[in-house]
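Protein chains in written order, with numbering that gives the first Met the number 0: chain A, 0 to 185; chain B, 0 to 294.
Treat the hints with caution; some may be incorrect.
Stated by the list, open to error - Beta-carbon label-pair distances, calculated as ranges:
#: 1; chain 1: A; residue 1: A119; chain 2: B; residue 2: W255; range: 46 to 52 angstroms
#: 2; chain 1: A; residue 1: P178; chain 2: B; residue 2: A28; range: 33 to 39 angstroms
#: 3; chain 1: B; residue 1: L285; chain 2: A; residue 2: T1; range: 38 to 44 angstroms
#: 4; chain 1: A; residue 1: P178; chain 2: B; residue 2: W273; range: 16 to 22 angstroms
#: 5; chain 1: A; residue 1: A145; chain 2: B; residue 2: E144; range: 25 to 31 angstroms
#: 6; chain 1: A; residue 1: R165; chain 2: B; residue 2: R39; range: 49 to 55 angstroms
#: 7; chain 1: B; residue 1: R45; chain 2: A; residue 2: T141; range: 50 to 56 angstroms
#: 8; chain 1: A; residue 1: V10; chain 2: B; residue 2: P261; range: 49 to 55 angstroms
#: 9; chain 1: A; residue 1: G128; chain 2: B; residue 2: W273; range: 23 to 29 angstroms
#: 10; chain 1: B; residue 1: R45; chain 2: A; residue 2: F69; range: 28 to 34 angstroms
#: 11; chain 1: B; residue 1: P5; chain 2: A; residue 2: A145; range: 48 to 54 angstroms
Unchecked claim - Just a sample of chain B residues kept apart from chain A, beta carbon distances all over 12 angstroms, derived:
#: 12; residue: P13
#: 13; residue: W99
#: 14; residue: P165
#: 15; residue: L172
#: 16; residue: L244
#: 17; residue: M254
Claimed, not checked - Examples of chain B residues lying across from chain A (beta carbon under 8 angstroms, computed):
#: 18; residue: A51
#: 19; residue: D52
#: 20; residue: L55
#: 21; residue: D83
#: 22; residue: D86
#: 23; residue: V89
#: 24; residue: W90
#: 25; residue: N92
#: 26; residue: A93
#: 27; residue: A96
#: 28; residue: L97
#: 29; residue: A100
#: 30; residue: W103
#: 31; residue: L104
#: 32; residue: L122
#: 33; residue: E129
Hints listed in this document are in silico derivations from the structure and should not be mistaken for laboratory results. Fair warning: this is a prediction, and the values are worked out from it, not measured in the lab. A virtual CB, placed ideally from N, CA and C, is assigned to each residue, including glycine.
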Amino acid sequence: MTTAAFWILAVLAVAGGVMVFRFDSMARATFSLLTALLCVGGELIVLGLEYLGIVTVLMMTIEMAIMAVFMIMFMMNPAGLMPMTMVHNKRGAAALCVTAFVLLVAGILLAPWPRRRGRAPADPTTDLGMALMGPQMLTMMTLGMALFATIVATVVLATRRGRYERYGDDLRATRPDDPVRGGVGR
Amino acid sequence: MAETAPLWAAVVLPVALVLVAWAAASVDARSAGLGRAVLRLLVQQRRLTRAADVLLVRVGTTLLPVAAVLAAVVLPLGFRSVSDLPDGIVWFNAMEALAWAAVWLTGWGPNSALSLIGGYRFLAQGLAYELPHMLAITTAALGAESLRVGALVDAQAGLWFAVWMPVAFGVYLLSALAMAFWGPFDQPVGTDVAGGAASELAGVDRLLFLGGRWLLFVVAAAFSVPLFLGGGQGPFLPAWAWTVLKTAAVLGLLMWARRRVPTVRMERYVELAWVVLTPLAVAQALVVAVVVLGR
Numbered sequence: 000m001t002t003a004a005f006w007i008l009a010v011l012a013v014a015g016g017v018m019v020f021r022f023d024s025m026a027r028a029t030f031s032l033l034t035a036l037l038c039v040g041g042e043l044i045v046l047g048l049e050y051l052g053i054v055t056v057l058m059m060t061i062e063m064a065i066m067a068v069f070m071i072m073f074m075m076n077p078a079g080l081m082p083m084t085m086v087h088n089k090r091g092a093a094a095l096c097v098t099a100f101v102l103l104v105a106g107i108l109l110a111p112w113p114r115r116r117g118r119a120p121a122d123p124t125t126d127l128g129m130a131l132m133g134p135q136m137l138t139m140m141t142l143g144m145a146l147f148a149t150i151v152a153t154v155v156l157a158t159r160r161g162r163y164e165r166y167g168d169d170l171r172a173t174r175p176d177d178p179v180r181g182g183v184g185r
Numbered sequence: 000m001a002e003t004a005p006l007w008a009a010v011v012l013p014v015a016l017v018l019v020a021w022a023a024a025s026v027d028a029r030s031a032g033l034g035r036a037v038l039r040l041l042v043q044q045r046r047l048t049r050a051a052d053v054l055l056v057r058v059g060t061t062l063l064p065v066a067a068v069l070a071a072v073v074l075p076l077g078f079r080s081v082s083d084l085p086d087g088i089v090w091f092n093a094m095e096a097l098a099w100a101a102v103w104l105t106g107w108g109p110n111s112a113l114s115l116i117g118g119y120r121f122l123a124q125g126l127a128y129e130l131p132h133m134l135a136i137t138t139a140a141l142g143a144e145s146l147r148v149g150a151l152v153d154a155q156a157g158l159w160f161a162v163w164m165p166v167a168f169g170v171y172l173l174s175a176l177a178m179a180f181w182g183p184f185d186q187p188v189g190t191d192v193a194g195g196a197a198s199e200l201a202g203v204d205r206l207l208f209l210g211g212r213w214l215l216f217v218v219a220a221a222f223s224v225p226l227f228l229g230g231g232q233g234p235f236l237p238a239w240a241w242t243v244l245k246t247a248a249v250l251g252l253l254m255w256a257r258r259r260v261p262t263v264r265m266e267r268y269v270e271l272a273w274v275v276l277t278p279l280a281v282a283q284a285l286v287v288a289v290v291v292l293g294r
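Chain A extracted, bound-state conformation (with noise of 0.2 angstroms):
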């Protein structure tokens, strides 16, 4: 049983991933790459780690979602009404991936794996959260403050309009100049 699901996750997440670059469609290949991702997190649970798979299937989703607005924003054909291929530079990338594609299953095939010592935690989920946030809690901290300041940092660099286009030079106005009305406090 859980075999049989594990090949059939497997079998969809690999055809999810080939049809990526099969479809002429920008949404289409975004939830391609969905569905093959949700079949990521269905293995995770298979392999007994519920807990990681069902957060992989609730970010994919709404990454993917988001990611959808963006892919289709920057592609110039988005709606597959003309040919659209998500490949470029077709035979550079064939040779890129057959390479990869070989070294990766000659690295599965070739490693020493290490025989299992110990058994399996009866709550796997606990272990990752110690092993991650306990003696790590630090870098943890680090990492996600560093990550929070590039988004706001990011933000701030992108937006076209700031404090000064909202309240004047002097920053004296005494209800912000926006294009849209309403919200908060105004």
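For this one, chain A is given, so just place chain B on it according to the hints.
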């Protein structure tokens, strides 16, 4: 105290959800003529638009009710749910997030400007409600120190979470409305864009999509009962009766709110959600964390 229901409950669950949604929709429309409308949609032809991506429309319209039923798997009736997963709260959140994909696909597929606007509106609304929403359900989980829905209900044997986490409860009710794009948050299918994401849907597609929205609304409202209102806990009556009563009360409150509150545009709600609700929800989580640490 939580037990897993027998296997046939998985078959009964969608039927029960449809019945509750039917009743709620009848009360909301203040008419008993819902059956006629459903029959009309069933025999109506599907609308085909030019250069539509039919596959994506089908996936989108089907995914919405499926996501609602999957989310309801962890919903306990009394103390029994179809499956009391150890990560039930995260499961609910993940399934409810599938609605993002469903509505956007339904909006994109028909190759029509108005439905596309509706689809994009739901993503904007999702960005607004999801952040405080996640904080609210995390706060409830923090109060019970567990992600299992059964453990949440057990933790409220004495005091309901709604009493000592009122902010999280309020935020949850708001996001329940927003995630079902219903009531004041109906802009993704708003009349100003001729029905938005649903504008090109007819026949079975329309029934699945709008019915799926009702299912999602009912499930979101019903999940507030184990999260904040003590689930099946209560004196005298059996546990299932308390669950039904509390769910009916929440549904009634939300349907009353729809008639009292005007539509909120999502760009206004984004600002309210990020500037006011998120800090409030964080403060609420902080209070709960301090209480839990001090226990």
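Hint check:
Range check, A:A119 to B:W255: about 51 angstroms between beta-carbon atoms, so the 46 to 52 angstroms window is met. Here the CB-CB span from A:P178 to B:A28 is close to 38 angstroms, well matched to the stated 33 to 39 angstroms. B:L285 and A:T1 have their C-beta atoms about 41 angstroms apart, which keeps the hinted 38 to 44 angstroms range intact. The hinted range of 16 to 22 angstroms is satisfied by A:P178 and B:W273, whose Cβ atoms lie roughly 18 angstroms apart.
For the hinted restraint 25 to 31 angstroms between A:A145 and B:E144, the CB-CB distance of approximately 30 angstroms keeps it satisfied. A hinted range of 49 to 55 angstroms holds for the C-beta pair A:R165 and B:R39, which are about 50 angstroms apart. For B:R45 and A:T141, the hinted distance range of 50 to 56 angstroms is satisfied, since their beta carbons lie about 55 angstroms from each other. Distance hint for A:V10 and B:P261: a CB-CB separation of about 50 angstroms, consistent with the stated range 49 to 55 angstroms.
In this structure, A:G128 and B:W273 meet the distance hint of 23 to 29 angstroms, their C-beta atoms being roughly 28 angstroms apart. Judged by the Cβ atoms, the range 28 to 34 angstroms given for B:R45 and A:F69 holds: they are separated by roughly 31 angstroms. About 50 angstroms separates the C-beta atoms of B:P5 and A:A145, a value consistent with the hinted range of 48 to 54 angstroms. Non-interface status of B:P13 relative to chain A is upheld: no Cβ of that chain comes within 12 angstroms, the nearest being about 20 angstroms off.
Distance to chain A contradicts B:W99 as a non-interface residue, since its nearest Cβ pair spans about 4 angstroms, not more than 12 angstroms. Listed as outside the interface, B:P165 is consistent with that label: its C-beta sits roughly 21 angstroms from the nearest C-beta of chain A, beyond the 12 angstroms cut-off. No Cβ of chain A comes within 12 angstroms of the Cβ of B:L172; the nearest lies about 20 angstroms off, and the non-interface call holds. Annotated as non-interface, B:L244 keeps its C-beta farther than 12 angstroms from every C-beta of chain A; the closest such distance is 30 angstroms.
Residue-level check passed: B:M254 sits 26 angstroms from the nearest beta carbon of chain A, beyond 12 angstroms. Checking B:A51 against chain A by beta carbon gives a least distance of about 10 angstroms; that is not within 8 angstroms, so the hint is violated. About 7 angstroms separates the beta-carbon of B:D52 from the nearest beta-carbon of chain A, less than 8 angstroms, and the hint is met. Given the 8 angstroms rule on beta carbons, the hint for B:L55 holds: about 6 angstroms separates it from the nearest Cβ of chain A.
Residue-level restraint check for B:D83 is violated (minimum Cβ-Cβ distance to chain A is 12 angstroms; threshold 8 angstroms). Given hint, B:D86 at the interface with chain A, holds; its Cβ is 5 angstroms from that chain's nearest Cβ, closer than 8 angstroms. Proximity of B:V89 to chain A holds as hinted, the smallest CB-CB distance being about 5 angstroms (cut-off 8 angstroms). For B:W90, the suggested interface contact is upheld, since its CB lies about 5 angstroms from the closest CB of chain A, less than 8 angstroms.
Satisfaction of the interface hint for B:N92 is found here, the shortest Cβ-Cβ separation to chain A being roughly 6 angstroms, below the 8 angstroms cut-off. Hint on B:A93 holds. Least Cβ distance to chain A is approximately 4 angstroms, under the 8 angstroms limit. Annotation: B:A96 was flagged as interfacial toward chain A, and the flag holds, the nearest CB pair being 5 angstroms apart, inside 8 angstroms. Taking 8 angstroms as the C-beta cut-off, the interface hint given for B:L97 holds, the closest approach to chain A being about 6 angstroms.
Here the hint on B:A100 is kept, as its CB sits about 5 angstroms from the closest CB of chain A, short of 8 angstroms. Interface hint status for B:W103: upheld, as the beta-carbon distance to the closest one in chain A is roughly 6 angstroms, under 8 angstroms. Hint on B:L104 holds. Least Cβ distance to chain A is approximately 7 angstroms, under the 8 angstroms limit. At its closest, the beta carbon of B:L122 sits 6 angstroms from a beta carbon of chain A; the interface hint therefore holds under the 8 angstroms criterion.
At a threshold of 8 angstroms, the smallest CB-CB gap from B:E129 to chain A is about 7 angstroms, leaving the interface hint in force.
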